[in-house]
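Position chain B against the provided structure of chain A, taking the given hints into account.
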Amino acid sequence: MELVCPAGSLPALKTAVDNGADAVYIGFRDSTNARQFAGLNFNDKRAAEGIDYAHSRGRRVFCAINTYPQPDGWEQWKAAVDRAAGLGVDAIILADMGLLDYAASRYPDIPRHLSVQGSATSYEALSFYKDNFDIRRAVLPRVLSLDQVRGVAKHSPVELEVFAFGSLCIMAEGRCYLSSYLTDESPNTRGACSPAKAVRWQETPQGLESRLNDVLIDRYGQGESAGYPTLCKGRFEVEGSVYHAIEEPVSLNTLDLLPELQELGISAVKIEGRQRSPAYIADVARTWRQALDNLDRTPGMFTVENDWRNTLSGLSEGGLTTLGAYHRKWK
Amino acid sequence: MMKLSLGPILWFWSKQAVFDFYAKAAEWPVDTIYLGEAVCSRRRELKPDDWFDLARDLKACGKEVVISTQTLIESEADLRRLRRICDQNEFLVEANDQSAVQVASRHHIPFITGPSMNIYNVATLKVLAKQGLKGWNLPVELGKETLEQLITGLKQEGLDLPAEVFSWGFLPLAWSSRCFTARHYNLPKDNCEFRCLQHPDGMELRSRESQELFRLNGISTLSGSRYDLMRELPEMERLGVSTVRLSPEHQGMEEVVQRFDQVRRGEVPATDPLQLVEAPPCNGYWYGKPGMDLVAS
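Chains A and B are the protein sequences, given in the same order. So in the working numbering, spot 285 of the first sequence is number 285, and the numbers just go up one at a time. In the working numbering, each residue carries its 1-based index in the second sequence increased by 1000.
Chain B extracted, bound-state conformation:
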C-alpha cells in the first residue's frame, strides 16, 4: 500500500498552531511527516531544537519523520541552520537544494529530495544516489508520463529509489529573495512585522477578472488552485509510486487525510474531490497540461 506523507508546513503559523497541528496529526493515518521551515529564514517561531523535540515526539507515536531544509539558501545564517539540521543521526533530511545535498552527504546523512529539486531524468537520480539519496519527490511541473519513464528507468538501472508525488494542496511554484507579502504591506523584507502570520493559507492573487492565479506566501509563490490527485491514486499505485504527499493546511486537514487514506485502501471510490478553503481544484501537470487546468478523468 502506498504511504501517505504530510509535507512541511509551507505557511507561517504561530508556534502554538504548529504544535496543535502536529498533536492532531500524530493520530492521523499518515506514515511520514516532514518537519521544519522550508520557505523563509525569518520564520523562527520554532527553533531547530523545537523541531527536533517535535520530531522525537512524533517518532515515538510511530511516524517516520524527515527534517526539511530551507529551499532558497542565501546567507551564512541559512547555511548554519542547514548544518545544524544535518548535524544529527536520528532523522532523514529533506534536501531542497544542492547546498543541502552537499552538507547532508558530507555528514553521511541519508536524504530525500523535495519537489523543488530538479530531477528530470534517471542520470540525475544516479548522481544523487551516490550522495546518499533514499527517496525523491517528482518536481511539481512533471506529470505521469515522465514519472512512468523515470520509474521504469530506475528499475532498468537496478536502483531502488522510492518516488513521492505532491498530490494535494497549493503547489509551491517559485521562490524569490523578495517578499511579496511585505511588498503588499509596503514594508521592507527585513522589517516585515511577520505579516505572514496573519495569512495562514497565503494571500490570494487574482487577475483583474477575478481569476484565482497564485497564492503569495512570503518569498514563495504557490498555485491559486489546489492540486488534487485523489482520483489518480489507483494510477499512482499502478505506476509504483511509494508515497503520496499532502501539503498541510490549517483547516480541514484531518478530513483530507482520512479521505486519502480511505481511497488508498480501496474503501471508498476516488470520487469527487474535497472542497475546503474556497479554491478551485487543478490537476493539469499530472496530464502534461498547464498546471492550472482541471482535466476530467
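Okay, chain A solo, but in the shape it has when bound:
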C-alpha cells in the first residue's frame, strides 16, 4: 500500500518525502482546494520546486483541486487544472463533475483521482465516476465501516485510497453544509470548514469560550484543554443535556486495521492534515512508513508497536484516537 501524505508548504513536502511518503498531495494558494488556510499551500514556483524534489527521489505529487466552482469561479478553477497539468503533477484530485469532465477531455493522460469531497460511498457511484471521467483512483469517505469498505472494494472499478490518520469528518464529505450555515464559507464553496476568520476566543467568568460567527461552540472549565471550534465538535444542549452532541474531538487512527486494508486490496492510505507543521508531518510519515514496511516484511504477523501508538496519540486531537466508522459499533 502506498503512503500518501499531506503538504501545506514546501518544507512540509520535503519532510514528507524524506520521511517515507510514496506520494504527497498539495493544493494551490486559493479556494480551489479544501484546505484554504492563510499562509498555506503553493504558488506555481513553489509547486514546481516541490514536484522536482519529489520526482528526483522517485516519489509522486498529487494536486488537489477539490472544491466546487460556481459560474463566476469557473475560469479560475479551470485555470487551476491547467496549472497543475503544466507543472507535471502525477495526478489531479477532483470532486466537481464539471471539472472532472474538463480534466478528462482536456488532459486525458493525467490521472484523475476522485477526491473524498466527491462523496462516492458505493461501487455504483464509483462506476459513475469511472464511466464518465475515467478516474483511476477514488478516496473513500470516512463514513464507511470496514465491512462496507470491503463491499465497495470487492466491486470497485478503480483503485481505492482510504483515510488512515488525522482529523475526522463524521459527516459524508462533500455534502456537509454545516459550516456555511453558521458562517458564509463551506468546504465545497471556499475550501474552509469553520473558517478561522469567524473564530473568536473569549475569557469569561464561566470559562474560556470559543465562538464561530458569535455562536457559542464550546466553553471550557478550569483544566480542560481547549480545541479549535470545528462546529461539529462543540458541546451543545439537546433535550436538557449538554454534551458533544455530534462528535467528540478525536482523531482517526487506523493502524490496527492495516492488515485488513491490505487484504481488501486498498491501494493507498492517506494522512489528513495539510494545515499541519513539518514537524508533525515528519512524525506521522515516519511512523506510518515503519508500520507499512513492517506489514510488508512480516505478512500475517503484523502488530502495532507501542512506539507508533504513543507517537500518534501525542499528535491527536485531545490525545484521543478512534477507528471511526471503520469500527461498526461506533456511534
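Fair warning: there could be bad hints in the mix.
[Stated by the list, open to error] In silico lysine to aspartate or glutamate, EDC-like type, Cα no more than 16 Å apart, as pairs:
1. A:K154 x A:E263
2. B:K1130 x A:D131
3. B:K1126 x A:D101
4. B:K1015 x B:E1064
5. B:K1003 x B:D1087
6. B:K1144 x A:E263
7. B:K1059 x B:D1049
8. B:K1134 x B:E1090
9. B:K1134 x B:E1064
10. B:K1134 x B:D1160
11. B:K1130 x A:D101
12. B:K1144 x B:E1193
13. B:K1059 x B:E1090
14. B:K1015 x B:D1053
15. B:K1289 x A:D101
16. A:K154 x B:D1087
17. B:K1047 x B:D1087
18. A:K45 x A:D72
[Said to hold, decoys possible] Not close to chain A: a few residues of chain B, all C-beta gaps over 10 Å, as computed:
19. E1027
20. D1031
21. K1047
22. R1056
23. P1139
24. V1140
25. K1144
26. R1206
27. Q1258
Calculated directly from the structure, the hints in this document are not laboratory data. Each residue gets a CB set at the ideal place from its N, CA and C atoms; glycine is no exception.
Leaving out everything else, chain B in the frame of chain A:
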C-alpha cells in the same frame, strides 16, 4: 406559473401518519410530490411497494409523482433498494447521489437531482443531462446570484433543465453514518429502537446560550431555523425558477401550501412569514450570507 412541490418527508413518521399526510396532500394545490425514504436505511415503515401504491394513488389524483432515493448509500442492501426504485417505468426518480444517477441512467429512467447533489456549475449540469437529467434542485447552500448565473448559462447552452429551489422548511445540511438520535439515547445505531418516531420534527440542538442551531434527525442534521423564501417568490419567478419546494412537516403543512399557492398566484402579497412549530425563520443562503441569517428584504 411556478409549480409547487412537496419534498420527501425527511423525518421518521409512522406508516399511518404518512398515509394520513398524503391523503390530505392529495387535495392540496401542490403539483409535484416526492415520495420515499431519503434519509435512513433503517426507516422501513413503508416498503418500496407501499410507496409505489401511494405513488399510483397520488398520480390518479392528478399529482406528478417522483420517487426519492436515499441520500447516503452505504451498503449492498441500500443498493438493492435503489435498484428496486429504478426498476420501473412509471415514475421519475429523485437521484440524491451518484449511485442513483448511475443506476437510473443504466435503467434509462429519467431523473431529477435532489438538493444534496453537488450542482455548482453549468458544466456539471451538462454532464448529468447526458445521463437523463430532467430537472435539478439548487444545492441548499447556494443563493440567487449563483442560481441566476446557472439559469443564464443553461439558456446559452440551449439546455432546457427546469430548476427547483428548496424554499420552505428545515434545511437538510449533513448526513453521517452515525445516528445522532441514537447517540442522544445512548443506543447503538443498529439497535436504535426507532427513537426517531418520537420526534416527528427532529430534536432541537441548541448552543449553551439557548440559540437554536440544528435539528438532529437520525443520521441527518438539519438547520435549527426554518428556511422561508415566501417573500422571494416574485424574484424566483423573474429568474425563471420552475418549481418551489416545500419540505413536509407534520403540523400546519396545509396552511403553508395554501399561503405559497396564494402568493404564487399573486392573490396575496408575499408578506410576513408563517409561524408554525416554534422556530426562527432564516433566508441567509438565498442572499449569499450564512444560512442561519435572516435578511430583511
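Does the claim that B:R1206 lies off the interface hold, with its Cβ farther than 10 Å from every Cβ of chain A? Label violated. Min Cβ-Cβ 5 Å, cutoff 10 Å.
Given the hint that B:K1144 pairs with B:E1193, does the C-alpha gap stay at or below 16 Å? Cα-Cα ~41 Å, so violated.
Is the Cα-Cα distance between B:K1015 and B:D1053 16 Å or less? Since the Cα atoms of B:K1015 and B:D1053 sit roughly 13 Å apart, the hinted pair holds (cutoff 16 Å).
Is B:P1139 truly not at the interface, in the sense that its beta carbon sits beyond 10 Å from all beta carbons of chain A? violated, 8 Å
Check the hint pairing B:K1289 with A:D101 against an upper bound of 16 Å on the C-alpha distance. violated, 30 Å
Decide if the proposed pair is consistent with the structure: B:K1134 and B:D1160, CA atoms, cutoff 16 Å inclusive. Satisfied, since the Cα-Cα distance of roughly 8 Å is no more than 16 Å.
Given the hinted pair B:K1047 and B:D1087, is their Cα-Cα distance within 16 Å? Judged against 16 Å, a Cα distance of about 15 Å means the pair holds.
What's the verdict on B:K1015 and B:E1064, does the C-alpha distance respect the 16 Å limit or exceed it? Violated, at roughly 22 Å.
Non-interface claim for B:R1056: all C-beta distances to chain A beyond 10 Å? Label holds. Min Cβ-Cβ 27 Å, cutoff 10 Å.
Would B:K1144 pass as off the interface with chain A, using Cβ distances and a cut of 10 Å? The assertion about B:K1144 holds, with a minimum of 12 Å to chain A.
Run the distance test for B:K1059 versus B:E1090: straight-line Cα separation, threshold 16 Å. Roughly 10 Å separates the two Cα atoms, so the pair holds.
Please work out if B:K1134 and B:E1064 have their alpha carbons no farther apart than 16 Å. holds, 13 Å
The structure fails to meet hints 4, 5, 6, 12, 15, 16, 18, 23, 24, 26 from the earlier list, while all remaining hints are met.
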